[in-house]
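Peer 1: Line order of the protein sequences matches chains X and G.
Numbering follows numbering that gives the first Met the number 0, with no gaps: position 153 of the first sequence is 152.
Numbering follows numbering that gives the first Met the number 0, with no gaps: position 24 of the second sequence is 23.
Please note that a few of the clues may not be correct.
What the hints assert, rightly or not - List of simulated lysine to any residue pairs, SDA-like, C-alpha gap at most 25 Å:
| hint | chain 1 | residue 1 | chain 2 | residue 2 |
| --- | --- | --- | --- | --- |
| 1 | X | K92 | X | T364 |
| 2 | X | K12 | X | T396 |
| 3 | X | K81 | X | P93 |
| 4 | X | K366 | G | Q178 |
| 5 | X | K366 | G | E100 |
| 6 | X | K399 | X | K12 |
| 7 | X | K366 | G | Y98 |
| 8 | X | K81 | X | K12 |
| 9 | X | K366 | G | A99 |
It is worth saying that the hints were derived from the structure and are not from the lab.
Since the model is a prediction, treat every value here as computed from it, not as a measurement.
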Amino acid sequence: MTTVAAALVIARKDLRLYFRDRTGVALGFLLPIVLVAAMGFVSHLMAGGESGSAFSRATLWVADGDGSDASREFVAALREAKTIAVRPRPDEKPAEGAALRRRIADGDLHHALLIEEGFGAAIGRGELPPLRMLRDPDRALEEQLISIGLMHATFAALGPDFAAPLTTRALELAGLPPEWRERTLALARGFSRGVEALFREREEREGAGRGKVGAEAAAAGSDGAGAPSFDQMFTQIVPVTREDFRPPERPRQLTFMLAQTVSGMSVMMLMFGLVACATLLLREREGGTLPRLLLAPGARSAILWGKFLFTAVIGLLQLVVLFGFGASVFHVDVLRDPVTFAAVTLSVLATCTAFGMLIGAWARTTKQAEGLSTLVILVMAAVGGAWFPLQMLELATPVKVIMGCTLTHWAVSAYQALFWKGKDLADPELLTAIGVLWGFALAASALARRLFERRYVGS
Amino acid sequence: MPTATALPTAPPLLAVEELVCSYGARRAVDGASFGIRRGEIFGLLGPNGAGKTTTLCCLAGLRRGFEGRITIDGRPFAPARSGSDRARLGSVPQELALYAELTARENLRFFGRMSGLDGAVLDAAVARGLALAGLADRADDRVESFSGGMKRRLNLAAGDLHEPDLLLLDEPTAGVDPQSRNHVFEALEGLRRDGRTLLYTTHYMEEAERLCDRLAILDAGRIVAQGTREEIAQGAGMPGADLEQVFLRLTGRRLRDEP
Chain X
0 MTTVAAALVI
10 ARKDLRLYFR
20 DRTGVALGFL
30 LPIVLVAAMG
40 FVSHLMAGGE
50 SGSAFSRATL
60 WVADGDGSDA
70 SREFVAALRE
80 AKTIAVRPRP
90 DEKPAEGAAL
100 RRRIADGDLH
110 HALLIEEGFG
120 AAIGRGELPP
130 LRMLRDPDRA
140 LEEQLISIGL
150 MHATFAALGP
160 DFAAPLTTRA
170 LELAGLPPEW
180 RERTLALARG
190 FSRGVEALFR
200 EREEREGAGR
210 GKVGAEAAAA
220 GSDGAGAPSF
230 DQMFTQIVPV
240 TREDFRPPER
250 PRQLTFMLAQ
260 TVSGMSVMML
270 MFGLVACATL
280 LLREREGGTL
290 PRLLLAPGAR
300 SAILWGKFLF
310 TAVIGLLQLV
320 VLFGFGASVF
330 HVDVLRDPVT
340 FAAVTLSVLA
350 TCTAFGMLIG
360 AWARTTKQAE
370 GLSTLVILVM
380 AAVGGAWFPL
390 QMLELATPVK
400 VIMGCTLTHW
410 AVSAYQALFW
420 KGKDLADPEL
430 LTAIGVLWGF
440 ALAASALARR
450 LFERRYVGS
Chain G
0 MPTATALPTA
10 PPLLAVEELV
20 CSYGARRAVD
30 GASFGIRRGE
40 IFGLLGPNGA
50 GKTTTLCCLA
60 GLRRGFEGRI
70 TIDGRPFAPA
80 RSGSDRARLG
90 SVPQELALYA
100 ELTARENLRF
110 FGRMSGLDGA
120 VLDAAVARGL
130 ALAGLADRAD
140 DRVESFSGGM
150 KRRLNLAAGD
160 LHEPDLLLLD
170 EPTAGVDPQS
180 RNHVFEALEG
190 LRRDGRTLLY
200 TTHYMEEAER
210 LCDRLAILDA
220 GRIVAQGTRE
230 EIAQGAGMPG
240 ADLEQVFLRL
250 TGRRLRDEP
């Protein structure tokens with residue numbers, strides 16, 4: 000037999016073996032499809048979703064302190080912006096600036112725009128209108144979305160000065176009344192001055208050779224870290240005075256994204272432990288030791304719980320290493336509240352381990368267990384927000400429901416409540432997350448035990 | 000063949016009545032009844048697929064949904080539900096039930112603990128197990144470095160650590176060399192001398208002749224004969240014939256394949 004012929008025979012045999020485990024094969028093919036779908040779904044959300052839908056919008060609370068026609072038009076334009084979900088909605092009670100300020104200071108809200116008195120008059124004079132943003136400065140990603148939306152709304156409502164002649168002609172062709180034309184031109188000139196100011200500031204900075212922050216830039220909320228990039232320049236063109244609020248209980252750490260990354264990646268890596276966990280029972284069966292274990296006088300479910308404990312201990316060690324790394328390198332203060340940290344970690348551990356046991360009890364072959372584990376881990380990580388902070392977006396209800404069905408969502412939420420918001424066990428949000436996690440853990444454990452009894456104990 | 004006259008009318012330690020166990024529509028065990036007396040080695044013989052392993056699984060509580068009645072010392076025996084019933088059983092499965100990455104001693108200690116042993120009792124049981132397996136000098140070597148015969152001997156020792164009332168042995172010498180097989184036989188004969196009760200399945204007639212006090216021959220799930228070797232031979236109309244001839248007479252010469 001030639002080498003080629005022998006290789007063909009071996010390949011044929013391996014193909015036959017591979018396709019014999021049909022469930023394993025199905026999972027193997029399903030994995031990339033579901034993964035691509037999940038990734039596409041998440042990317043879709045992050046990119047803005049369907050036009051006109053409620054996907055991927057950062058929430059911006061707005062208080063109209065001017066109450067002019069111009070300010071109302073501006074608010075209407077904000078509602079049309081695709082990256083902002085404006086609150087209160089038209090059917091809700093209008094917000095007041097003082098109340099928003101309080102809620103921002105309390106950490107309940109992250110961004111609020113105050114349209115101050117004189118907005119309409121300023122537009123009438125051709126000046127830049129007064130806008131004030133109350134914000135949580137550590138929510139940079141939402142800030143970007145809001146800035147983009149603000150720019151779109153401003154252009155839509157007011158129009159850029161540099162486009163004044165074109166705009167005027169277009170408006171005339173459209174039959175716009177002359178009084179609107181004049182107002183639009185005035186606004187466009189105001190914007191033009193804003194753009195010029197930005198360019199001047201940039202030139203001054205580059206000329207000075209150091210990060211000097213001009214008065215206008217400070218008013219526009221620049222962090223003074225250097226000249227704005229091209230995209231930042233356009234998102235900052237809307238002149239907004241920013242007021243920063245950082246809740247006093249927030250732990251010392253860098254950014255929301257950093258806390259999110261440490262939490263999300265730690266949870267995901269913990270879940271990868273499921274792969275090993277899910278194959279533990281199968282290894283006992285395939286290794287021939289299961290019948291002897293089943294004959295032991297102790298409760299037979301002890302076999303399942305023994306695997307549960309083993310996986311939990313390994314998972315705990317993994318979390319200690321991961322969070323230790325996060326604490327030492329990224330300065331996430333994991334031990335600020337050791338009791339809450341321990342409670343959240345035990346809840347996450349129990350849930351992840353229970354899911355691993357469920358997969359292990361369900362699978363009939365190692366291929367099935369590995370395929371399903373990988374599928375569950377990656378899909379939950381993507382959809383549950385372990386990769387991207389989907390929690391910060393204003394999502395449609397069905398999407399929120401899907402997220403709520405993933406243990407990663409609740410695990411990351413619990414860690415975020417602890418690390419980011421500085422909450423403790425008295426906080427309802429944190430308690431809810433812990434409660435849901437234990438609900439998952441108990442349900443998965445009960446199902447795993449049932450499957451174990453059926454598939455392992457008495458076949 | 001040991002003399003069965005030493006155990007004339009002893010009441011059975013374990014009694015099986017009308018055991019029926021099916022895989023789907025196929026009956027793997029079809030109304031089997033037999034009794035095992037205290038202190039004897041009871042052989043369950045049969046061709047491949049006769050239902051020997053299934054019978055052992057039913058006895059050990061590893062299968063559910065079977066019909067029939069199993070009693071031990073006259074009481075219902077339900078190891079699937081009762082830990083104290085399981086404690087009366089030991090098992091030497093056909094497959095090697097050992098952890099290759101652990102040493103012989105670690106394996107025995109683990110299975111001893113699982114059987115409820117601890118402290119000095121466990122230490123003594125492990126030492127006895129190592130001696131039974133003839134592996135006292137290799138106690139701290141990993142099982143993965145052992146030969147097939149060494150693993151088989153350790154497999155036997157692991158099943159007997161807690162000195163169960165009834166030790167179930169499912170073809171415990173499959174695939175071992177004559178030296179190791181002889182060692183296993185001597186170990187089992189030693190257990191019988193100690194008054195232990197063993198249920199031994201095999202399709203090797205010479206093993207049954209050497210070890211078993213009484214036998215049951217199982218074919219297609221049914222007990223076709225049981226008693227001492229002489230009783231079975233006489234029942235088959237072949238007095239004085241060796242067990243293999245009797246076995247072939249009773250079970251036929253048709254090839255038997257596992258399901």
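Peer 1: Each hint should be assessed against the structure and marked as holding or not.
Peer 2: Evaluation of the provided hints:
For a cut-off of 25 Å, the pair hint linking X:K92 to X:T364 is broken: about 58 Å separates their Cα positions. For the hint linking X:K12 to X:T396, the alpha-carbon distance of about 49 Å lies beyond 25 Å, and the restraint is violated. Among the hinted pairs, X:K81 with X:P93 is consistent with the structure: their alpha-carbon atoms are about 21 Å apart, no more than 25 Å. A threshold of 25 Å between alpha carbons decides the hint, and for X:K366 with G:Q178 the separation of about 39 Å lies outside it, so the pair is violated.
Taking the CA atoms of X:K366 and G:E100, the gap is about 22 Å. The hint holds against a cut of 25 Å. Distance check on the hinted pair: X:K399 and X:K12 sit about 46 Å apart at the alpha-carbon level, beyond 25 Å; violated. With a C-alpha separation of about 21 Å, the suggested pair X:K366 and G:Y98 falls inside the 25 Å cut-off, and the hint holds. Taking the CA atoms of X:K81 and X:K12, the gap is near 55 Å; set against the 25 Å cutoff, the hint is violated.
With a C-alpha separation of about 22 Å, the suggested pairing of X:K366 with G:A99 holds against the 25 Å cut-off.
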